[in-house]
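All chains, please: the whole structure from these sequences, using the hints.
Protein chains in written order, with this note's numbering: chain L, 752 to 862; chain D, 11 to 279.
Honestly, I wouldn't trust all of these hints.
Not everything, but these chain D residues come out facing chain L in the computed CB check (under 8 Å) [what the hints assert, rightly or not]:
{"hint": "1", "residue": "Pro108"}
{"hint": "2", "residue": "Ile130"}
{"hint": "3", "residue": "Ala131"}
{"hint": "4", "residue": "Tyr133"}
Non-contacting residues of chain D with respect to chain L, defined by C-beta distances greater than 10 Å in every case (computed) [as the list claims (entries may be wrong)]:
{"hint": "5", "residue": "Thr21"}
{"hint": "6", "residue": "Arg98"}
{"hint": "7", "residue": "Pro109"}
{"hint": "8", "residue": "Ala145"}
{"hint": "9", "residue": "Arg175"}
{"hint": "10", "residue": "Leu189"}
{"hint": "11", "residue": "Glu190"}
{"hint": "12", "residue": "Thr224"}
{"hint": "13", "residue": "Pro233"}
{"hint": "14", "residue": "Pro238"}
Simulated restraints on C-beta separations [stated by the list, open to error]:
{"hint": "15", "chain 1": "L", "residue 1": "Asp861", "chain 2": "D", "residue 2": "Ala131", "range": "27 to 35 Å"}
{"hint": "16", "chain 1": "D", "residue 1": "Ile172", "chain 2": "L", "residue 2": "Glu774", "range": "33 to 41 Å"}
{"hint": "17", "chain 1": "L", "residue 1": "Ala834", "chain 2": "D", "residue 2": "Glu128", "range": "47 to 55 Å"}
{"hint": "18", "chain 1": "L", "residue 1": "Arg767", "chain 2": "D", "residue 2": "Glu190", "range": "33 to 41 Å"}
{"hint": "19", "chain 1": "L", "residue 1": "Met752", "chain 2": "D", "residue 2": "Gln100", "range": "30 to 38 Å"}
{"hint": "20", "chain 1": "D", "residue 1": "Arg181", "chain 2": "L", "residue 2": "Leu862", "range": "19 to 27 Å"}
If you are wondering where the hints come from, they were derived from the structure by calculation, not from laboratory data.
Quick reminder that beta carbons are idealized off the backbone N, C-alpha and C, glycines included.
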Amino acid sequence: MLLVVTYSRAARRDLRNVCRAHEDCVVRQFGRAALFSGTEFGAFQALRLHEKHGLDVQIEHVEPFEPSDVPIHVREAAERYEAREEPATPYKRFASGRDIPDPEHLRGVDL
Amino acid sequence: MKLRVAGTTYTGAVVDLRTRDVDGRTIAASIRGQQCLPAVSCPDPPSVYAYAGHVHPSMGLRTRTALAAAARSQGHETPQDEAIDDCREQLTELECSPPDLPDPVESVPDATIDGLQETIAAYRGRLTAREAVGADDGTVQADLRDAAMELSERETRRAAAIETRELRRERARAYRDALEERRRLSDALANRRRSARATLVDRCADAFARAVETVPGTAPDDPFDADPVTAALAVLRVARTPAPVVVETDRFRTLAAASDCLDAPIVRC
Numbered sequence: 752m753l754l755v756v757t758y759s760r761a762a763r764r765d766l767r768n769v770c771r772a773h774e775d776c777v778v779r780q781f782g783r784a785a786l787f788s789g790t791e792f793g794a795f796q797a798l799r800l801h802e803k804h805g806l807d808v809q810i811e812h813v814e815p816f817e818p819s820d821v822p823i824h825v826r827e828a829a830e831r832y833e834a835r836e837e838p839a840t841p842y843k844r845f846a847s848g849r850d851i852p853d854p855e856h857l858r859g860v861d862l
Numbered sequence: 011m012k013l014r015v016a017g018t019t020y021t022g023a024v025v026d027l028r029t030r031d032v033d034g035r036t037i038a039a040s041i042r043g044q045q046c047l048p049a050v051s052c053p054d055p056p057s058v059y060a061y062a063g064h065v066h067p068s069m070g071l072r073t074r075t076a077l078a079a080a081a082r083s084q085g086h087e088t089p090q091d092e093a094i095d096d097c098r099e100q101l102t103e104l105e106c107s108p109p110d111l112p113d114p115v116e117s118v119p120d121a122t123i124d125g126l127q128e129t130i131a132a133y134r135g136r137l138t139a140r141e142a143v144g145a146d147d148g149t150v151q152a153d154l155r156d157a158a159m160e161l162s163e164r165e166t167r168r169a170a171a172i173e174t175r176e177l178r179r180e181r182a183r184a185y186r187d188a189l190e191e192r193r194r195l196s197d198a199l200a201n202r203r204r205s206a207r208a209t210l211v212d213r214c215a216d217a218f219a220r221a222v223e224t225v226p227g228t229a230p231d232d233p234f235d236a237d238p239v240t241a242a243l244a245v246l247r248v249a250r251t252p253a254p255v256v257v258e259t260d261r262f263r264t265l266a267a268a269s270d271c272l273d274a275p276i277v278r279c
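The following block contains the structure:
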């Protein structure tokens, strides 16, 4: 899919117009962004906005995501942290002394 | 004030132009310094004149905004002023022009690189085999050299493509970060202006209510519901009015009454 984000009022207005006129290629619309279908038509609509508004329109390729796409230790860390008994504990403190990665480590590793 | 309309010069605190074929809007624009003709010489009008400097029956008025400007003309300040100046300064300093991006370089597909690597390996094998039987005639060597050169070229181009892509993304991101920052600052500025205006309106609300009662016209229960002409006159009565006000309404019996009521020089059109 294509994520289209607008950075000016004019670009945002045109994005809204495209979304209204071509619902079939819009998977989801947010305030000033939208998710277009990963088809040539979706790309065509995204590129039209880019042609007209240049860098005020950002287009990113978005891949579908499943939790299983992520290494098991990350998933476990999320699961255990969300099941913590003390809601006010920050993750850094929660991770220390447990068998889960600390936030600095997670930040340093690309998916 | 000194006013020159089509060859005639008018001076004094009150000027009546009703017999002259002149548009009140034009005079008001001259007073605000937006045009040079007709020539008007008078003190600089404060910003409230942009809202209420020309009073006429078909006018509209953003009463609260105009009243806030009137408060400013009286020298009122607000706790938000410093933050407003900060925001404005940051906004003017923010560089937001779209960057020049290097032209994209078409990348070389992995398959092409893999294919060339395989070709080279095959040539190497063939070369070793030929050398072993003493049948090296140089053609395999030349093929190998050509293939190696092509591989090197393709790899260079692929590296350039990756580098260019990164550079394009970085610059685009920096630009969009600046746009986001500008949006954030504009929002903050608008919020602070709104609350400054509310502060000013609050401070002048009583004076405004009294003025609405005093100026000619009907005074509704809520002074902010007053019709635009009444509201504009009341705003002017609250404001400091060193520059002439263009009055294009029959509300006042005499021009002297208008001048007294608004405590302002008057141009009647």
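Hint-by-hint comparison with the structure:
no.: 1; hint: Pro108; in the structure: 5 Å, holds
no.: 2; hint: Ile130; in the structure: 31 Å, violated
no.: 3; hint: Ala131; in the structure: 31 Å, violated
no.: 4; hint: Tyr133; in the structure: 37 Å, violated
no.: 5; hint: Thr21; in the structure: 48 Å, holds
no.: 6; hint: Arg98; in the structure: 20 Å, holds
no.: 7; hint: Pro109; in the structure: 7 Å, violated
no.: 8; hint: Ala145; in the structure: 50 Å, holds
no.: 9; hint: Arg175; in the structure: 12 Å, holds
no.: 10; hint: Leu189; in the structure: 4 Å, violated
no.: 11; hint: Glu190; in the structure: 7 Å, violated
no.: 12; hint: Thr224; in the structure: 43 Å, holds
no.: 13; hint: Pro233; in the structure: 35 Å, holds
no.: 14; hint: Pro238; in the structure: 29 Å, holds
no.: 15; hint: L/Asp861 to D/Ala131: 27 to 35 Å; in the structure: 31 Å, holds
no.: 16; hint: D/Ile172 to L/Glu774: 33 to 41 Å; in the structure: 37 Å, holds
no.: 17; hint: L/Ala834 to D/Glu128: 47 to 55 Å; in the structure: 51 Å, holds
no.: 18; hint: L/Arg767 to D/Glu190: 33 to 41 Å; in the structure: 19 Å, violated
no.: 19; hint: L/Met752 to D/Gln100: 30 to 38 Å; in the structure: 36 Å, holds
no.: 20; hint: D/Arg181 to L/Leu862: 19 to 27 Å; in the structure: 24 Å, holds
Hint compliance for this structure: hints 2, 3, 4, 7, 10, 11, 18 are not met, and every other hint is.
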